[in-house]
Amino acid sequence: MVVLLTVVGIILLVLGLLFSIAWHELGHMATAKMFGIKCTEFMVGFGKTLWSTRKGETEYGIKAVPLGGFVRMVGMLPPARRTEEQGARKMSRWRAMAEDAREASYMELPPEDEDRQFYQRSPWKRLIVMFAGPGMNLVLGTALLGVLFMGIGVYQDTNEVGVVNECVVPSGASITECTDDLPRTPAHEAELLPGDVVVSVGGADTPDWASASREIRTSDGPTEFGIEREGELLTTEVDIVQSELPARDGAGEIVYETDEDGDNVYDESGRRIPAVETVGFLGIHFAKERGTLTATESAAEVGDMLVGVGQAIVALPSKVPEVFGAAFLGEQRTEDSPVGIVGISRIGGEIMSQGLPVVDTAAMMLSILAGVNFFLFAFNLVPILPLDGGHMAGALWESIKKWTARLFKRPDPGPVDIALLTPVAYVVVACFLVFSVILLVADLVNPVLLFG
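All residue numbers for the sequence shown refer to the working numbering, where the first residue is 50 and numbers rise by one.
Treat the hints with care, since some could be wrong.
What the hints assert, rightly or not - Cut-off 25 Å, straight-line C-alpha distance, at most; resulting in silico cross-link-like pairs (DSS-like, lysine-lysine):
(1) Lys174 - Lys451
(2) Lys104 - Lys82
(3) Lys450 - Lys368
(4) Lys458 - Lys174
(5) Lys97 - Lys112
(6) Lys112 - Lys82
(7) Lys174 - Lys450
Just so you know, the hints here were simulated from the structure itself, not pulled from any lab data.
Work the whole structure out from these sequences, hints included.
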């Protein structure tokens, strides 16, 4: 049964990834056709075509390597401008590569479609066409998180006691049963019970988890607790002790150890090591409950996730040595290591195999797919070819040149020849393929595991 659930989870996330890619390309194609640009192919994946069908002037299909997709629009590269002097000189290797790419983009252009080329559209239209792909991923990711946050809900800490620990376990010890030589926790001594709601600590009201946790951590010695038990308000005194616990910031989030360079420190299993601080210790775990968020709270969470994705993309180059070490040198894979399509699919199988409640499984799957779509959105905005951001940068630069020419009453400078950046695009593609292979090996031999 576990194997079956694992396979189902892998298939579900693969289908989700393919849909996200197709959704991205749909944004490009829909806006391109809206502006009269001819689209000859709509493909999910690269390499050999596994299946295709033609509808009208566009061929739709799926290719063997699911590392992305593309919409082939005619005239993506503008025609070259050559002077007689340039024509007489021997063409440089750089320009030869650009001309080869230009020639390939015109091979399928019939005479009747001369006015349906991408480069002929105004810069703002080209900008819309290229942004529409990442924009569709942003819309899909936001919609998935909207279903999660405002529909299914997310687990949130409460001020209700969930578990009362019997004894104080030394930091770092792996003790499963209490012994006579271990001191009892303040909560056990005060006879607190699961289901009790902590409504005040030391005279300060604690209507939520954040306030209850904060007041407990800043308390020391005999402290008055207000408890609601089965609808009845009780007052009891608890002798809070000091103990080393994971450090938390002002928002209650755990703070992790960093090295001299500000990088996270990991344990032998690849998990981040929390920083510790000496604070008040009660000896309980607060209960969690799934609750929905408001539209404003959901928007804030979406914003935080987008910021996190942006930071991850900026840090991506620094992760390459780590992934290489995990793939080929047997080094430990960290929990925040980048993962490829195989790694994401394996995570889907791992989630399904846990036998979690359906709502919890659905929530985790939605969160992962939303993160993938946010990555596709942010990564494709990077202003380098062949990414969408490279074409957008060209359109913006052309717009600036045209505006400047009009301002100073100069002739129209014409389209920006991004074909000259073709060698850069080849280098980017080569780097992407190499990193994809490294990720593939790492995901196979040393995968990131959510559940240890």
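Taking the hints in turn, this is what the structure says about them:
1. With a C-alpha separation of about 14 Å, the suggested pairing of Lys174 with Lys451 holds against the 25 Å cut-off.
2. Between Lys104 and Lys82 the CA atoms are separated by roughly 14 Å; this keeps the pair inside 25 Å, and the hint holds.
3. Our distance criterion of 25 Å between C-alpha atoms is broken by Lys450 and Lys368, whose separation comes to about 38 Å.
4. Between the alpha carbons of Lys458 and Lys174 the distance comes to roughly 23 Å, so the proposed pair stays at or under 25 Å and holds.
5. Only pairs whose Cα atoms come within 25 Å are accepted, and Lys97 paired with Lys112 is accepted, the gap being roughly 5 Å.
6. For the given pair, Lys112 sits about 23 Å from Lys82 by alpha-carbon distance, which is consistent with the 25 Å threshold.
7. A C-alpha spacing of about 16 Å is found between Lys174 and Lys450, which places the hinted pair at or below 25 Å, so the restraint holds.
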